[in-house]
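Residue numbers (the numbering used here), protein chains in the order written: chain A, 2 to 385; chain B, 2 to 385; chain C, 12 to 305; chain D, 12 to 305.
No more than 20 Å apart at the CA atoms, straight line, and that leaves these computed lysine to aspartate or glutamate pairs for DMTMM-like: (1) C/K254 <-> B/E232; (2) C/K54 <-> A/D171; (3) C/K254 <-> B/E237; (4) D/K54 <-> B/D171; (5) D/K254 <-> A/E233; (6) C/K286 <-> B/E365; (7) B/K25 <-> B/E70; (8) C/K177 <-> B/D362; (9) B/K364 <-> C/E290; (10) C/K254 <-> B/D272; (11) A/K267 <-> D/E271; (12) B/K267 <-> C/E271; (13) D/K177 <-> A/D362; (14) C/K239 <-> C/E297; (15) B/K88 <-> B/E232; (16) B/K364 <-> C/E178; (17) A/K364 <-> D/E178; (18) D/K254 <-> A/D111; (19) D/K254 <-> A/E87; (20) D/K254 <-> A/E232; (21) C/K254 <-> B/E233; (22) C/K286 <-> B/E268; (23) C/K254 <-> B/D111; (24) B/K207 <-> B/E12; (25) A/K59 <-> A/E130; (26) A/K364 <-> A/D272; (27) D/K254 <-> A/D272; (28) C/K254 <-> B/E130; (29) A/K364 <-> D/E290; (30) C/K286 <-> B/D272.
Partial pick of chain D residues on the chain A-facing surface, computed with a CB cut under 8 Å: (31) S165; (32) T224; (33) P288.
Note that these hints are calculated values from the structure, not bench results.
Glycine included, every Cβ here is placed at the ideal spot set by N, Cα and C.
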Amino acid sequence: MVKLAEWRGKELFRTYGVPLPRGKVVRSPGEARAAIEDGEVPVPAVVKAQVLAGGRGKGGAVRFATTAEEAESAAAAILGLEFKGEKVKELLIEEKLALQRELYVALALDRSRRVPLLMVSAQGGVEIEGVGEEAILRIPVHPFAGLAAYERRAAIAALGLSGPTARSADQLLGALWDLFNREDAELVEINPLAVVGDGVVALDAKVIIEDDATFRHPQYADLRDDRTPLEEIAREKEIAFVQLDGDIGVIANGAGLTMATLDVLKEFGGDPGVFLDLGGTDDPKKVTEAFLLMAEAHPRAVFLNIFGGVTRCDTVARGLVDARRQIPETERFPLVARIRGNNEAEGLAILRAAGVTAQNDLKEAVRAVVAAARAPANAAGTPR
Amino acid sequence: MVKLAEWRGKELFRTYGVPLPRGKVVRSPGEARAAIEDGEVPVPAVVKAQVLAGGRGKGGAVRFATTAEEAESAAAAILGLEFKGEKVKELLIEEKLALQRELYVALALDRSRRVPLLMVSAQGGVEIEGVGEEAILRIPVHPFAGLAAYERRAAIAALGLSGPTARSADQLLGALWDLFNREDAELVEINPLAVVGDGVVALDAKVIIEDDATFRHPQYADLRDDRTPLEEIAREKEIAFVQLDGDIGVIANGAGLTMATLDVLKEFGGDPGVFLDLGGTDDPKKVTEAFLLMAEAHPRAVFLNIFGGVTRCDTVARGLVDARRQIPETERFPLVARIRGNNEAEGLAILRAAGVTAQNDLKEAVRAVVAAARAPANAAGTPR
Amino acid sequence: MSVLVNADTRVVVQGITGHQGTVHTVQMKAFGTKVVAGVTPGKGGGEVEGVPVFNSVAEAVERTGANASVIFVPAPFAKDAYLEAVDAGIRLTVAVTEHIPFHDMLTMYHYGRLHGAKLIGPNCPGIASPGKAKVGIIPNVVFRPGRVGVISRSGTLTYEIVNGIKEAGLGQSTCIGLGGDPVVGTSFVDALPWFEADEETDLVVLVGEIGGTAEEEAAEFIQRKLSKPVVAYVAGRSAPPGKRMGHAGAIIARGRGTAESKLTALQNAGAEVAKFPYEIPGMVAERLARLPRR
Amino acid sequence: MSVLVNADTRVVVQGITGHQGTVHTVQMKAFGTKVVAGVTPGKGGGEVEGVPVFNSVAEAVERTGANASVIFVPAPFAKDAYLEAVDAGIRLTVAVTEHIPFHDMLTMYHYGRLHGAKLIGPNCPGIASPGKAKVGIIPNVVFRPGRVGVISRSGTLTYEIVNGIKEAGLGQSTCIGLGGDPVVGTSFVDALPWFEADEETDLVVLVGEIGGTAEEEAAEFIQRKLSKPVVAYVAGRSAPPGKRMGHAGAIIARGRGTAESKLTALQNAGAEVAKFPYEIPGMVAERLARLPRR
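Working from the sequences, and respecting the hints, build out all of it.
This is the structure:
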């Protein structure tokens, strides 16, 4: 997921012709002041932290200003804030428009129908999860037909718009449709879409570009901001790696098996801290890389669960043992392995020879790793 | 059909990224000279009449020049020529490239499959009608899939291209596909497409935009050059009007009925000069307009064939009689009518009362109009 | 049985508040058709000739059980109207509208196919089965129930031929006007199997014209798969190449689409070919008389 | 009978000259599959593991009668590979390729549907019916002919479960790995009817995971239309919202796609729900034992 910051989403909006408030991105209180003083942004203005998480308003990351001085002090107050783990480095200063109504418009994917889904609601400006289903109109849009005029009419009727405002909304919906498709978006959301005078204006912009499509859009390749540093490194190495809240690292092969392993672990009292899916690989180099990455997350214990189908258990075991040797003694963590399938016996032998608790029964292995994580003797116990 | 002159087609090509020779449009021998002198077009150059008809080469409307003087005299020789009824007013001067091979590429409509059709042949530079079917590869392209890479590969293999030339052709095919669809083209043809060095270059451009789609492309609305002046007027009045080589004007309602009337007329020795389809209308004003337009084509006689289905025969008759009165006595031509259907009797009565030969039998009526057209007494006998 | 339409056909008129929409709503009703709804965006809640008007086809379908539609909306909006009909579950649409860009029609055609929807036209008079229903604009007066099926690319010429069949004392099972555009939703080869399967049709009259290869493809079907006799006519023998003869689709291009080619193919396929349209009723009567009694 | 594949399945491997393509060509052949052709543009005329390589799928089909394909080509070219297969008349394709943009998949899915072609995947292990054919990459060793059908969104987890079924002394009729992407060509509700109709299947094992609503839709189908017993498992009970758990499709978004919702739906539909994957073989054996003898 490439989540675009609000201002980047709005830059895209501008390209596609979506009406926006006048605004400017600033990175210091002085720039905020100048934006008002130079007339680039009219007052009253709103100063918004450019972070990816939602709910900025409640978090004090959105402030208002009626003068250049207020803009400056608002910027000073917001810049540097930590917001759900993300430091505020950029602000968007925008004119605060006198709006009549707040609406909601989004395009997303309908997985079941395999088509894009247009969602609109006359109840914008609040979290859409809190809006009743009956107040949201969902229009599946066939990719071969495109967003048809009749579908736009239905959406506009649901938004309660007519006359020139309806025409403005019609144009906006067409623009969003083009953006969603041409930019390979997963989600395009405007909340709120404001009715201002005779037209509609996008007050916010939430755009998520599909990761897998960035080969077509190299401009987004560097914008993946919504990962932990380790997740980012993992991504570059093409390892599925997700940081969770617990202290036991889980390495398995295949997403389904990894998830299932987490479930079993949790059921037996463990607390998963890292999800690491080796995928179909048994390339010892890849296994080593994955294991070293896991080490950097400082788990209290690591659980390895391998089913050797295409993969060979002995090859995985060899990679693991190699990797383990590369970790300084002081930073080593207990490792428990459960392996089944192709060359299982050889794999078990290799692991046991290297001092790893290894067996082929999942339940037993899980119990062992949970116990290891809880043991006070575990020296490497510095969860991140 | 909006047939674009070569240079307009090439302007479009440039927009879509189709490689072209360097060239310039000129409208006088002096401009031709200057284009070479100023270095805008390198020599050797080719000077081509910008007319819509094919076969310019044989008609002396394409000449070569190795100096600015030669370009000037070539331009002087071509400008003002009448070429299949069209006066040469514009020339395209282009660098004459050293080409290795001449290919053929076109996109058109496959009516049966209801898809665009990509046609390629390694035998370009000659009229495609003369190329054997086995030497043309036809690839139906599904509009929902677009021109797929595998289809482009098949086309490029048929053209016998490989390496960088294949890549150049691949890019060109993609550009043509985009042009065909975004510009609502009926036909996009490059003949010859030249292999020059490591790439392909479009030496000619034949682009026909669909008439019915010009509401989306107002820039083409004024470019309908391939009609007679009367046909152009008819078009503006939304009357289907086609000038033919004979001397009898035919007015009927509905395209099929009008064609059938022409067929009968020809079978009985008549020679149709105008095809005028009233369509579904019986609006007396429209009928009058159509009749007056017909008068301007100076037919020796006019045959009216109406089947009153939706249309009412009496209304058509009334419009006709009105229109006939507006033509000066000296320019009047014999009018024979055959009407059937809705209010047939009233229609016949109105026409007969106005001195028109009218009846409901097609064969008899056709015989009458053929006789009238042949009569030496027919004073208005100045076929256009 | 009949072809595509019957007593259960419930028509929604797309563009009912326009002149053509209103006029032909009256005519379809006079034919005995169940015209249950009209659609004109923004005019929902009204009524035209006793037919309720809705803002969308979906609403019309939901409220009236419409299962067929006829499109009278102007060309720039016709594609949208058809997509709307298909998405609303309509599975038979007649597009009367002329001048729809063929690029739009490509989308319409394949979108309909994807959903199993049938489209007749555009630029066509539609379909009618006397005594049952009419969707489109073929004049009511030319019909009389009978056993002759008619498939035609023409409008008025079809009316005249259908009328001739009536005046010859015969009648029609179903008549379809396919439309004069280069890209049509239903072509001869699509429609012929329906008439072959139709127990109420004894003979098919096929009226073609120059342009394209629809008649040649029909000939192939007739030869290989049609058991019923065919009387055929092709308009445009005297048309010159390169000129659009009134219909966008009636053009001889690059040597293809001539009347000769079509007539020869039909003749070789066993169809009886009329030289003039006025010969058709007589040929039909004569051919029917030779059919074995059932 | 079996599901989708059988002894007449003739596979063309798209991207056969790549590492994966070559490895799994060997494996599919070892399974007993008729791998008749490979395709790699520009490498036509060669051979991989005794399988002739062609430049295009059309050529492969024409020369070898291939009727199924498996795609190993890299994600940016996968859409084209599928369109090529469909246009060449292939009506069953397994897309093993991972990371295909879902916008591409939307086109692939609907283009296939338009032509009546089936697509399994992408990002999936494919389909196998022991003793008949395998199209994809499920390891051969886990199979044994039998009467348990398996449908799963997972890869390795499926292998383990299928292997468990074998080790419990049972066997499989057909196993399909649907793939872990948000948009898949075949989902549970598409595949369940095939297993319902398959005379060689007595019971269906359904392996789901978090993300989307495919399991909920499956539950509805199970309740309303499936006569055969179902043993179900859903991975991801402990997954937090908003995180992609290895599979692009395995994400709890906006409160939808949780394991709880899926498990409850399946349970309510009458499926027997396993808490842990290792319970499945036992539950299957127990449930089969309760089936009336035939």
